[in-house]
Amino acid sequence: MQITHDEARKLIQFSIEQTLSPQEIKTLRVHLEDCVECRVYAKEIKEVESILVPLMKRQWSLQPAPLSIPALVQRKSINWQSNIILATRTVMISIVFAAFVFSAWQLTRSGSGTSTPMPVSILPIPTPSGQSTSTKVSFQNCAETKYQVQENDTLESIASQFSVSKVKIMAVNDMHVETVYTKMELLIPICHSTLTGTVHPSTLTITFTPLISPTTSTPGG
Amino acid sequence: MHDTEPAWLVSQCIAGNENAIESLVRQYETGVFRLALSIVGDQAEANEITQETFIAVLRSLRSYQDYKDRKSFKAWIYTIALNQSRSHLRKRKTLERLRNTLASIFRVETQKQISPEEAVIQNDKEAEIWKSLNQLDEPFRIVVVLRYFHELSITEISEILSVNEGTIHSRLHSAREKLRNALKHLLGE
Chain A
1 MQITHDEARK
11 LIQFSIEQTL
21 SPQEIKTLRV
31 HLEDCVECRV
41 YAKEIKEVES
51 ILVPLMKRQW
61 SLQPAPLSIP
71 ALVQRKSINW
81 QSNIILATRT
91 VMISIVFAAF
101 VFSAWQLTRS
111 GSGTSTPMPV
121 SILPIPTPSG
131 QSTSTKVSFQ
141 NCAETKYQVQ
151 ENDTLESIAS
161 QFSVSKVKIM
171 AVNDMHVETV
181 YTKMELLIPI
191 CHSTLTGTVH
201 PSTLTITFTP
211 LISPTTSTPG
221 G
Chain B
1001 MHDTEPAWLV
1011 SQCIAGNENA
1021 IESLVRQYET
1031 GVFRLALSIV
1041 GDQAEANEIT
1051 QETFIAVLRS
1061 LRSYQDYKDR
1071 KSFKAWIYTI
1081 ALNQSRSHLR
1091 KRKTLERLRN
1101 TLASIFRVET
1111 QKQISPEEAV
1121 IQNDKEAEIW
1131 KSLNQLDEPF
1141 RIVVVLRYFH
1151 ELSITEISEI
1161 LSVNEGTIHS
1171 RLHSAREKLR
1181 NALKHLLGE
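Protein chains in written order, with our numbering: chain A, 1 to 221; chain B, 1001 to 1189.
Extracted from the complex, chain A is given alone in its bound form:
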């Protein structure tokens, strides 16, 4: 049976591992008798092995430093202890981190100030002029009233009638243009401002002080 050089080379390689069938050995032998090139190849592969194996043995056939069994057993158990220490540390760090995140969340929540109105006494006011203090202490109660558009009404006239901005009316009624027509039903958002404190910026100076001491309110001049 005729085989190619490549096939012969594969068989040479497998012959090293002694995994060839008797038939394959015979085929290879027949090929090698006629093929100088493959004989050289086989010789070179054998030479590689003959150099490599003793070289590796010279390099690496060394003896290890004998291991101490008690030290091994100890290190094995030490590792268990260190695992426990590591686990404890991880848990503690997680708790501290969770506490930090929780307190930060709490601060943000209380800082928003919409759900729980802050008493006037602890409001931080940066400047004595306090021009915007009255708006800060006011809270709005809004209700929607139905209004039927009369003849000659415009969005502007309705807005001024109810003291509401045009934009608010348009937003509540989902309007895109300002056009209104007679008998059109509009929802008017009417908001009543309620003051929780009697703060008059022109007459009062409110100073922010720490929570422990009460706020100092002095009549300003």
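Hints were generated in silico from the structure; no laboratory data involved. Just so you know, even glycine gets a beta-carbon here, dropped at the ideal spot from N, CA and C.
Using C-beta positions, here's what the derived DEER-type ranges look like:
no.	chain 1	residue 1	chain 2	residue 2	range
1	A	Ser68	B	Gln1065	23 to 31 Å
2	A	Gln23	B	Ser1170	18 to 26 Å
3	B	Arg1026	A	Ser103	56 to 64 Å
4	A	Val30	B	Asn1181	21 to 29 Å
5	B	Asn1100	A	Gln23	51 to 59 Å
Using the hints, position chain B against chain A.
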């Protein structure tokens, strides 16, 4: 202790019998050390890897015992040793890269030391083969080392590396080709 009794040995080691642990360690320590040495090429590091391997082995004996579709005991220990060696090699490569970077930044000339390995090489052919062996990609080099130095069978190598036997054959073929080319290059000069 015989190689045919790992099941007994394993259960005794799990029970904490120090004599059994000693038997196990003495039976495999040379093999593990030489495997580590052939991968990392440094004796001190190989000793360290041997110790780490046995600590890892002792720690995971129970899971080895419980694992139904387990490897042969020798293959299992060699796999652990190989993984430890690879991890050392990775760390060393990272350190070398860092050192080279620092050396290039500060323009420090690092003096190349002659390793004990190089001292053992006797002629040009050996030097050439050794150089090509170390230039082989890791999967090819490991197969050559396990086959020729540790004299493991293809089946054992495939078990250690968890790769099928066909792949081991093909890696060996191409590794031999590369080594032959290195030698051929020398003869051609």
